[in-house]
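Undergrad: Below are the chains, spelled out letter by letter.
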Amino acid sequence: MNVQKDLFYAQSHEWVKYLDGGRALVGISDHAQSEMGDVAFINLCDEGDALNAGDCLGDIESIKAVSDVYSPVAGTVARVNDELLDDPARLNADPYGAWLIELEDVTENAELMDADAYENYISE
Amino acid sequence: MSELIFSKSRPGRRCTVIPKCDVPKADIPHELLRETAPGLPEIAEVDLVRHYTNLSRRAFGVDNGFYPLGSCTMKYNPKVNEEAAALRSFTGIHPLQPPESVQGALQVMGVLSDCLREITGMNAISLQPAAGAHGEFAALVMIKAYLLDHGQPDRTKLIVPDSAHGTNPASAAMCGFEVVNIPSTADGLVDLDALKSAVGDDTAALMLTNPNTVGKFDTNIGEIADIVHGAGGLLYYDGANLNAIMGIARPGDMGFDAIHLNLHKTFSTPHGGGGPGSGPVGCNAKLAPYLPSPAVTVKDGGYAFTSPEKSVGMLKSFYGNFLVCVKALAYILTLGADGLREASENAVLNANYMQENLRGAYDVPFPGHCMHEFVLSLELLKKETGVTAADIAKGLIDRGVHPPTMYFPLIVHEALMLEPTETESRETLDHAIAALKELRQMAAESPQALHDAPVTTPVGRPDETAAVRNPVLRA
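Protein chains in written order, with the numbering used here: chain G, 1 to 124; chain R, 1001 to 1475.
Among the hints, erroneous ones may be present.
[As the list claims (entries may be wrong)] If you want the ones that stay clear, here's a sample from chain G, every Cβ over 12 Å from chain R, calculated: (1) 21; (2) 22; (3) 37; (4) 46; (5) 48; (6) 68; (7) 74; (8) 79; (9) 83; (10) 99; (11) 108; (12) 123.
[To be verified] Below are the BS3-like pairs computed for lysine-lysine, each with C-alpha atoms no more than 30 Å apart in a straight line: (13) R:1383 - G:5; (14) G:17 - R:1383; (15) R:1008 - R:1020; (16) R:1299 - R:1383; (17) R:1310 - R:1299; (18) G:5 - R:1299; (19) R:1299 - R:1286; (20) R:1437 - R:1382; (21) R:1310 - R:1286.
Everything labelled a hint here was simulated from the structure, so no lab data went into it. Ideal Cβ placement from N, Cα and C applies to all residues, glycine included.
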């Protein structure tokens, strides 16, 4: 299972990539997409929504089930990855490239795991 | 895929030879006549029979073989039910006939309601909902009407355990409630501490399936009822798993205020393509004034349609799926009170027989005995061999067994949920156990063979993802 090094991970299997200027990208891990199976539909929150860490940012429907996705950090939704909505297969093919939302005014979350800790977490 | 019946149509072909008309033709007004012929297939009887017989051979039903689909109670549908429902006195009547001319049909509804009240311990029943999720919806609409009527519009939250059927949160959302999910304990039961911190002034109700979807009877139900009622909320029973407790325990005695039942599961009427279903809603005296309308009541020595005092109104055209009710009543009267209890006892016995025989070959994630169904986790098997729950399910098809429920409940990873029901013989259960053990062996020795299964069916592995992502609904 691929765990990308420069990201931080939540127990609910989302990743966050901190960018300059208090911004961040959020997506789901390779482990998460593998557990879900082929993704069929994605629903995401709206631009401008204010999220706290742990708030639902949307849901992902695979052929197995519908799963809520939670924001690993607090912030305001600056951009939503609309392209994914038409091509949900990208989430399976490239989970670390297929970001879901971009946040601004991000408050970093110290409780998140780094790559090594997450790798241990999913191998347990 | 096979040709559609429409593409087999040839002009002039017929199934029957209609004799020449020997009475004067009625003069139908021109504006009532259609301008073009209806687009119906023209086909000979032999081709018609072959078409549908061949199609039926590509499907799998409970008349073909063992169908252990968890939480769906795919028990055998006795043919005597069909005979009762086919009686001309039931098929030849019209829903708009005056009630005094169809007293027998009303009596069926009245007696069936009485039976269901006795079985569930509820005060009143409506047979109107079309199936399970519709029954859930009916109960929640009634709960909402009750809360508004009692000046409690702020009770907007419905508590749903994480082991619930997906229809529970969906029905709650359909009724405008906000869903609050609570976790289960390691034993698969309601986490009482989580429930205590979830309830409050905003709680409308708790939706609970008991026994739940991991096949466990929640023995804390008395305390659960106290917690929810203590906070001013109501208790709703999802009747999907009633087959485990008929004649043994009653939702009404457990403290539930409202329930729905699935006649097409527990009471042996067909479903899964052979429906339609029927999802009666039941309630205690508190909620009875809000039941859907019309209701059947005894009046002046006969039966009549009435409307409950504060009814939420009609939820389906006419009186529900009436002929399904006839079949369910035939089932209940055939078995009687003792027979229903025995059915539940054997359903639980069969599930435990399978669970104990599969323990060791597969990981049983929850300790102890099960009720009428049980869950296996294939998470370790997948890690070790790459063979998934879906692969094992597909392998079962090649051994004449319908796949169990896969990837549900969501709290168990790589889940297979099996519900054998009471109608299967020991030989059938032994065949399924042997097949599952053989597949476990194959997973270790030749996993690719399982990735390729099934190989004995007309269609092997359809592209499920493509079907969901790009459904083609019209040819």
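Undergrad: Can you give the numbers of the hints that this structure goes against, from lowest to highest?
TA: Checked against the structure, the hints that fail are numbers 3, 6, 12, 16, 18, while the rest are satisfied.
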